[in-house]
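Enquirer: Read off the chains here:
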Amino acid sequence: MESIVLWQHKWGLTFHIPWYLFLGGLAGGTMTIAALADLLAGTRERPQSFARAAAYITVPTIILGGLSLTFHLGKPERGFAFPLFFTNYQSWMTIGGWIIGVFAPLSLAYAAAWYFNVGRRVRVVMAAVGVPLGVLMSLYTGFLLSATWAVPGGRWYVPLWDSRYLPVLFVLSGLSTGLGACGLGVLVAGRLGRPSSGSGTPEETWAVARLASAADVAAILVEGAWVYLFLASLGVGTLGQQLAFTLLTKGELAPWFWWGFVATGLAAPLLGSGMHAIGERIFHSRLGWILYVKFVLVLVGGLMLRYVIVWGGDLKAPLTFPPSMWPIPGVSGPPFPGLGG
Amino acid sequence: MSQAQVTVPYRQADGPQGKKEPARMKFYIDVKRCIECGGCEVACKNENNVPAGIARIKVVTINEGEPGETNVAVPCMHCSKAPCVAVCPVDALYHRPDGIVALNKETCIGCGYCLYACPFGAPQFPKGSAFGARGVMDKCTYCAGGPEVAFSERERRLYGSNRIAEGKLPACASVCATKALIAGDAEEVANVVRQRMAARGAGGGAWGWESAYGKGP
Numbered sequence: 001m002e003s004i005v006l007w008q009h010k011w012g013l014t015f016h017i018p019w020y021l022f023l024g025g026l027a028g029g030t031m032t033i034a035a036l037a038d039l040l041a042g043t044r045e046r047p048q049s050f051a052r053a054a055a056y057i058t059v060p061t062i063i064l065g066g067l068s069l070t071f072h073l074g075k076p077e078r079g080f081a082f083p084l085f086f087t088n089y090q091s092w093m094t095i096g097g098w099i100i101g102v103f104a105p106l107s108l109a110y111a112a113a114w115y116f117n118v119g120r121r122v123r124v125v126m127a128a129v130g131v132p133l134g135v136l137m138s139l140y141t142g143f144l145l146s147a148t149w150a151v152p153g154g155r156w157y158v159p160l161w162d163s164r165y166l167p168v169l170f171v172l173s174g175l176s177t178g179l180g181a182c183g184l185g186v187l188v189a190g191r192l193g194r195p196s197s198g199s200g201t202p203e204e205t206w207a208v209a210r211l212a213s214a215a216d217v218a219a220i221l222v223e224g225a226w227v228y229l230f231l232a233s234l235g236v237g238t239l240g241q242q243l244a245f246t247l248l249t250k251g252e253l254a255p256w257f258w259w260g261f262v263a264t265g266l267a268a269p270l271l272g273s274g275m276h277a278i279g280e281r282i283f284h285s286r287l288g289w290i291l292y293v294k295f296v297l298v299l300v301g302g303l304m305l306r307y308v309i310v311w312g313g314d315l316k317a318p319l320t321f322p323p324s325m326w327p328i329p330g331v332s333g334p335p336f337p338g339l340g341g
Numbered sequence: 001m002s003q004a005q006v007t008v009p010y011r012q013a014d015g016p017q018g019k020k021e022p023a024r025m026k027f028y029i030d031v032k033r034c035i036e037c038g039g040c041e042v043a044c045k046n047e048n049n050v051p052a053g054i055a056r057i058k059v060v061t062i063n064e065g066e067p068g069e070t071n072v073a074v075p076c077m078h079c080s081k082a083p084c085v086a087v088c089p090v091d092a093l094y095h096r097p098d099g100i101v102a103l104n105k106e107t108c109i110g111c112g113y114c115l116y117a118c119p120f121g122a123p124q125f126p127k128g129s130a131f132g133a134r135g136v137m138d139k140c141t142y143c144a145g146g147p148e149v150a151f152s153e154r155e156r157r158l159y160g161s162n163r164i165a166e167g168k169l170p171a172c173a174s175v176c177a178t179k180a181l182i183a184g185d186a187e188e189v190a191n192v193v194r195q196r197m198a199a200r201g202a203g204g205g206a207w208g209w210e211s212a213y214g215k216g217p
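Which chain is which? The protein sequence lines are A and B, in order.
Numbered as in the working numbering, the first sequence ends at 341 without a single skipped number.
Numbered as in the working numbering, the second sequence ends at 217 without a single skipped number.
Chain A with its partners taken away, still in its complex shape (with noise of 0.2 angstroms):
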């Protein structure tokens, strides 16, 4: 019997589970920068700046994020009372709930803390736990996908959904676009008039966006780094793995990979830092619109990464003999994407 690949479109173009998906990782990312910030900063008044804007952006971001992931679900109603439903606690959904139930109303209330300007010694507390709460937000959005990478007992059915990667992946991503949204934050607030800075001038406005783009350079290098790695283990994988590989970078996915992905949230945004760096000292000029440009490119790059990873499941690990319920490409559908049918 020869392998032939399962091909299932689950979702098509459904935005739940990317957006999910992505703004989850986001709320992680900036949680974790937030409190981070506030935990080295001490009563430095840069950081601490950018620990009250990330801390305000998670808000609005985790309860998008929930309701993203309720309104998914068939029943939305059960998805809210999930305390009462979900009973499997071998399953990442539940513990993913439970995670996303500790996690939202303590970045109301570190958030809150911060608005009110509660004494610092509760909101150290606060971020003492929001620092790895955050990390275990955007680690779960990854281990929600990887968890059916290898199931008890099973083999690899979804082999682009490496859970040796992608949770990793996840939080990096998340700590890239954290800072992305914190940085367009900063700057957005500042324009309004409601500079999140201490002082609240200009200058202290742009020196923490410039902080915010400096920081992201780091994460943005970081999470390059690792999807190479990733890449790498793909291409030299099981069959599985390597058809993934196929598909990401030559196939049906690579335009939004190379371009949506790769382009727009990983090299634009470095050239975009390099050439404000370079232009700040050449023109002498803020040049603020590269920061605000870049720091889009950054959001819009990791939610490419969440459709891309989403769009990718729908390729199973390859079958000796395929059932199917839907058409098998290069079989009774069109040909497998970039493997020339």
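These are calculated hints, taken from the structure and not from any lab test.
Any given hint could be a false lead.
In silico SDA-like cross-links for lysine to any residue, where the CA-CA straight-line distance does not exceed 20 angstroms [to be verified]:
1. 105/B / 206/A
2. 105/B / 80/A
3. 105/B / 242/A
4. 105/B / 268/A
5. 105/B / 71/A
6. 105/B / 76/A
7. 105/B / 84/A
8. 105/B / 201/A
9. 81/B / 71/A
10. 81/B / 73/A
11. 20/B / 9/B
12. 105/B / 82/A
13. 81/B / 81/A
14. 105/B / 73/A
15. 32/B / 67/B
Given chain A, work out where chain B should sit, using these hints.
Expert: Same frame as chain A, now just chain B:
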């Protein structure tokens, strides 16, 4: 919801403890015998009033029109280590004592996680309401109904027929003209497989979990 006592078939011979043991219900799909008549699909839809657009069993054709063309009927394989059961957050999928992977539609939240986990494409999602929203999951029940009272109107409406409680085999296997699709207790099914393999020699066309994925760890 009323949780009824499920009616489970028992093996005829006593087990090691001298007690009656529940049967371990399995499907066996013989790709050398399937003629792609589609009888199993029709029988399933007819027996269970399956909603439009849902295929609880589907005959898949490989290498159509070419040498080596093969057909295989694919229902839910009722796996022993079922990935869908492992990932379902609300335990809507569970193993009955007879090994059938049953579904509780009252508990299912329609998250679709099982669809990603299942290697066989068994979970189906009918449109639940307006705007194309997904409903709760639907899949092959092995013609064993659901957790409701056997033969109740509610069970009939949600899951279809309960032939197992009647002492019958699933409709698809019952109508299969060439006995390519066999259902029953694993011991009985294994006997049939053994006879066929002995007659044909190696590579006799049995298809299932191990031929698809190899022996599990």
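Enquirer: For each hint, tell me whether it holds in the structure or not.
Expert: The hints, checked one at a time:
| no. | hint | verdict |
| --- | --- | --- |
| 1 | 105/B / 206/A | violated (55 angstroms) |
| 2 | 105/B / 80/A | holds (17 angstroms) |
| 3 | 105/B / 242/A | violated (37 angstroms) |
| 4 | 105/B / 268/A | violated (48 angstroms) |
| 5 | 105/B / 71/A | holds (18 angstroms) |
| 6 | 105/B / 76/A | holds (14 angstroms) |
| 7 | 105/B / 84/A | holds (16 angstroms) |
| 8 | 105/B / 201/A | violated (59 angstroms) |
| 9 | 81/B / 71/A | violated (30 angstroms) |
| 10 | 81/B / 73/A | violated (25 angstroms) |
| 11 | 20/B / 9/B | holds (10 angstroms) |
| 12 | 105/B / 82/A | holds (16 angstroms) |
| 13 | 81/B / 81/A | violated (28 angstroms) |
| 14 | 105/B / 73/A | holds (13 angstroms) |
| 15 | 32/B / 67/B | holds (14 angstroms) |
In the structure shown, a violation is registered for the earlier hints numbered 1, 3, 4, 8, 9, 10, 13, in ascending order.
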